[in-house]
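Go by the hints and put chain X onto chain Z.
Number of protein chains: 2
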Amino acid sequence: MSKFYGIGVGPGDSSLLTLKAVDTIKKLDILYAPEGMKGKDSIALGIVKEFLQPHTKIKTRYFPMSFASKEKEVEWEAVAKEIEEDVKKGEEVGFVTLGDPMIYSTYVYVLKRLREKIEIQTIPGISSFSCIAASQNFPLVMDKEPLVIAPCTMPEEELKNLLYRHTNLVLMKVYKNFPQIVKQIKEANLLEYAILVCDGSKGTEQVFTNLEEEGIEDKISYFSTILINKNK
Amino acid sequence: MSKFYGIGVGPGDSSLLTLKAVDTIKKLDILYAPEGMKGKDSIALGIVKEFLQPHTKIKTRYFPMSFASKEKEVEWEAVAKEIEEDVKKGEEVGFVTLGDPMIYSTYVYVLKRLREKIEIQTIPGISSFSCIAASQNFPLVMDKEPLVIAPCTMPEEELKNLLYRHTNLVLMKVYKNFPQIVKQIKEANLLEYAILVCDGSKGTEQVFTNLEEEGIEDKISYFSTILINKNK
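Sequences listed follow chains Z and X, in order. With numbering that gives the first Met the number 0, the residue at position 170 of the first sequence is 169, and numbering never jumps. With numbering that gives the first Met the number 0, the residue at position 24 of the second sequence is 23, and numbering never jumps.
Next comes chain Z alone, as it looks inside the complex:
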């Protein structure tokens, strides 16, 4: 019976694909690749390009990234419908997604619409934070501590509470509110335990150990993550 495969392709470097992801990509009849804002999701297709076989048909589909829009619901519904029809025709169908499919991935919106209808296999991928931590030899968490992974698009007060309560954090999407986030980290006395990594795994990686460095705001990129570990 044919299946739908949700494939985590990792953060950017093709060598961080798993063997399972590569084997799966090679056997697909159809591969869906999400296309979003800022070129973000065309990256997923780029990562697997060298492993694509001539018989695999590529379907690039637009996935709006904005929150709470009616538009995105309509788009996801349409893509899910199309995938369902392809699988029911007997095709092996894949969907590539950056990082890990179960952690902040648009793949989940498709998965939720399809899991009662067709057989689905999800293949895990390397998360951007695992990649960044490895490249910096920066331990994220040990022993009995919890690790908190938080998108900084959350309400300011919630972020503040996380910073006061925890010593091991990954802060994602720090680009938009950067000065405010640095201020909050400082107030929680965690600044000396934090590093900022921009464009990890993209060949243009930049690392900042001083988050108050002059002019840092002009240097950081959309793909910026802060790692904090008080016991590193």
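The set of hints was computed from the structure by calculation and includes no laboratory data. Careful, some of the hints might be misleading.
[Claimed, not checked] With a Cα cut of at most 27 angstroms, we get these calculated DSSO-like pairs of lysine-lysine:
hint : chain 1 : residue 1 : chain 2 : residue 2
1    : Z       : Lys25     : Z       : Lys88
2    : X       : Lys69     : X       : Lys172
3    : X       : Lys182    : Z       : Lys143
4    : X       : Lys71     : X       : Lys2
5    : X       : Lys69     : Z       : Lys143
6    : X       : Lys111    : Z       : Lys185
7    : Z       : Lys201    : X       : Lys26
8    : Z       : Lys2      : Z       : Lys116
9    : X       : Lys185    : Z       : Lys143
10   : Z       : Lys25     : X       : Lys25
11   : X       : Lys71     : X       : Lys88
12   : X       : Lys172    : Z       : Lys229
13   : Z       : Lys172    : Z       : Lys69
14   : Z       : Lys159    : X       : Lys143
15   : X       : Lys25     : Z       : Lys159
16   : X       : Lys71     : Z       : Lys229
17   : X       : Lys69     : Z       : Lys182
18   : X       : Lys2      : Z       : Lys201
19   : Z       : Lys71     : X       : Lys116
20   : X       : Lys26     : X       : Lys87
21   : X       : Lys116    : X       : Lys56
22   : Z       : Lys143    : X       : Lys71
23   : X       : Lys201    : Z       : Lys229
24   : X       : Lys25     : X       : Lys201
Frame of chain Z, contents of chain X only:
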């Protein structure tokens, strides 16, 4: 110049190795494999066995897992010293570790002792929770929510707070205090959003969607993880 490579080998299934991990393992002169309690860490060597080359020398070393013992400090120090000497002799030296090297891995104890002394490259791996979530098609976190990864060896009061404050959690090491942990999840009104997975990625995987199932305590294994997502 020769290097020390910390290699994340994922949770158990060899096909979840990254291409980079496989390429690195193939070029090693020496591979260190940690051996711990309950056969846990010999698994790391088992995962990469099929990719080992005849020229690679295997050094299995004992890594005590108990907390706060003087014994483990002595053992880690000795292994770190031996690795340092091997690298300084010009050997390409690797160390395999389960899951991801930067998340609850004994590799960090070696890394901390060596990072000022030799060149080190860490290669990320698939975490056990990513693998379990994928195999269950269970989304871990979306949008603006934080994801909390917590070892249940932490103090009871801290776990209770986490369960009251968050909706997306991965609870690891739930084996020891299982009835108490289930009670806490129930008190936080999260029981219906939780699943328990034992031996994920080991071929003997068991999944429980009812954590109060009769006799569950006798069925669960040492490698048990609970996933919670209120919006799954």
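Violated constraints from the hint list, given by number and in increasing order: Structure breaks hints 15, 17, 19 and 23.
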